[in-house]
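K.L.:
Given the coordinates of chain Y, work out where chain X should sit on it, guided by the hints.
Protein chains in written order, with this note's numbering: chain Y, 1 to 304; chain X, 1 to 165.
Check the hints yourself; a few may be wrong.
[Claimed, not checked] Covered stretches of chain Y (chain X as the covering partner; in silico rule of three or more C-beta atoms under 8 Å from a C-beta of chain X):
#1 33-45
#2 48-58
#3 189-200
[Unchecked claim] Under the rule of at most 20 Å between Cα atoms (straight-line distance), these lysine to any residue pairs were calculated in the SDA-like manner:
#4 X/K34 <-> Y/F46
#5 Y/K56 <-> X/K19
#6 X/K149 <-> Y/E27
#7 Y/K33 <-> X/L153
#8 Y/K199 <-> Y/L188
#9 Y/K199 <-> Y/Q170
#10 Y/K56 <-> X/I9
#11 X/K132 <-> Y/N250
#12 Y/K33 <-> X/G130
#13 X/K82 <-> Y/V37
#14 X/K19 <-> Y/L52
#15 Y/K56 <-> X/V4
#16 Y/K24 <-> Y/F46
#17 Y/K33 <-> X/D163
No lab work stands behind these hints, which were simulated from the structure alone. Since we're looking at a predicted model, the values are computed, not measured. Here a beta-carbon is modelled for each residue, glycine too, at the ideal position from N, C-alpha and C.
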Amino acid sequence: MQENYLAKWLSGELSAEELAEFKKSDEYASYVKLMEVSGTMEAPDFDVDGALQRIKDERIGNAPKVIALNPFKKFLRVAAVIAVLMVGSYLYLNTLDESVTTDFAERSEVILPDNSEIFLNAGSQVSFSEKKWDQKRDVSLKGEAFFKVAKGKKFTVSTEHGTVAVLGTQFNVENRKGFFEVTCYEGLVSVTHNNTETKLPAGTSFVVIDGKIIDSTKPNGTRPAWMGNESSFERIPLQYVLAELERQFNIKVKTKNVNTELLFTGTFNNTNLEMALKSISTPSQIQYKIEGDNVLFYAGNTLQ
Amino acid sequence: MDNVCEDRIFSSIFKTHSKTVFNYIYYKFGNEEKANDAVQEAFVKLWENCAKVSPEKAKSFVYTVANNLYLNVIKAEKVRIKYADKGNDRSHESPEFLMEEKQYKEKLEKALDALPENQRTTFLLNRIDGKKYAEIAEMEGVSVKAIEKRMHLALKSLREQIDGI
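So here's chain Y without its partners, still in its complex pose (with noise of 0.2 Å):
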């Protein structure tokens, strides 16, 4: 019997044979009855008419014509709202503080209104208002930035750690979880910690780790080792330097058994993540292993 064989019966498709063949099937008088009787159904009675006038009536109140013929009223009114838009935002926009953010891995530099120049290291922020710069030459900074302030008005640079204010210098800020230091390369900058302030006169570097005063060494150089592709430490514990070493590479570092907070000085390449980390286990005395975007710091033999 061929497929579907029932269906062909019911439409009178089957041929001579196979309708013999099916005549003679016990489920044959069953088919048939079930055959006459869904023959007799009927579906539920519909108002042809009644439904065609209610079409008719729906079709003058809505009048479908008369709308496609004022396409200009509807855009009248969409641009209307888009201008209402357009105007809001840009003035509330435009009470807003400019801002710039460096990612991981990232660097950027920034002309202030007075040609005062922010170069911004990686995994950083500043913002500053440029409307009123003018009347207030103020930065607000997260993370780390060297700033080269045009001779002018008191300069000022906020951070969460302290305020510093300078009149016109050269000197870089860096403020990290418990992590603050303020280094001068040209000028006098002052800074303002814990609410006392201390004069830092060129080439002096003010230190703060976990809320205590670090005494430092003098910086070396005209800039800060990062301007240069390097992140430089001195007597610095290793949680920070890890912690640069992940923004410098966009990378995320884990140690084992290793003290993070021995003192660590040296500096590490900020574009060659093989010859840094060299540079960090070496001194260090400590393994290193690559896992994609992961480094794991291990002691000694611990990781066998």
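P.N.:
Relative to the frame of chain Y, chain X by itself:
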């Protein structure tokens, strides 16, 4: 050329196809209100697009609109089917026979409700509206073979349900 926007043409299309649209949706969902709404929706849409739809395309246009209207409705209600009263020629049947007929129809109604929606719709469009498999295939947007399959399965399960297999 005939235009669906012409009142005469529109009314004639409505009179030819509205009942089938109504039945089609009713077989699917067992809900007269939904079926009535589908007719309204489908033909109002046809009227709105009368300049774009030729009289030959009008039929498949209204089925498509009606079908799309309830694409997201999954749950079907009970489909109630009436039987044509054959008039006086029934009065001479014995009470036993009439009783059996009544029971048979009840069984058939139950079996119809148990069918998958697409099999029931195919079966009823064929049995009540006398639609050929090719026409049902066009309405449902599937091949004739698929409709034959649905019909075959529908007949098979109805028979098995009624005979209590």
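K.L.:
Hint by hint, say whether it matches the structure.
P.N.:
Evaluated hints:
no., hint, result
1, 33-45, "holds (count 10)"
2, 48-58, "holds (count 6)"
3, 189-200, "violated (count 0)"
4, X/K34 <-> Y/F46, "holds, 12 Å"
5, Y/K56 <-> X/K19, "holds, 17 Å"
6, X/K149 <-> Y/E27, "holds, 19 Å"
7, Y/K33 <-> X/L153, "holds, 17 Å"
8, Y/K199 <-> Y/L188, "holds, 7 Å"
9, Y/K199 <-> Y/Q170, "holds, 14 Å"
10, Y/K56 <-> X/I9, "holds, 13 Å"
11, X/K132 <-> Y/N250, "violated, 69 Å"
12, Y/K33 <-> X/G130, "holds, 18 Å"
13, X/K82 <-> Y/V37, "holds, 11 Å"
14, X/K19 <-> Y/L52, "holds, 11 Å"
15, Y/K56 <-> X/V4, "holds, 14 Å"
16, Y/K24 <-> Y/F46, "violated, 41 Å"
17, Y/K33 <-> X/D163, "holds, 11 Å"
Checked against the numbered hints given earlier, the structure breaks hints 3, 11 and 16 and satisfies all the rest.
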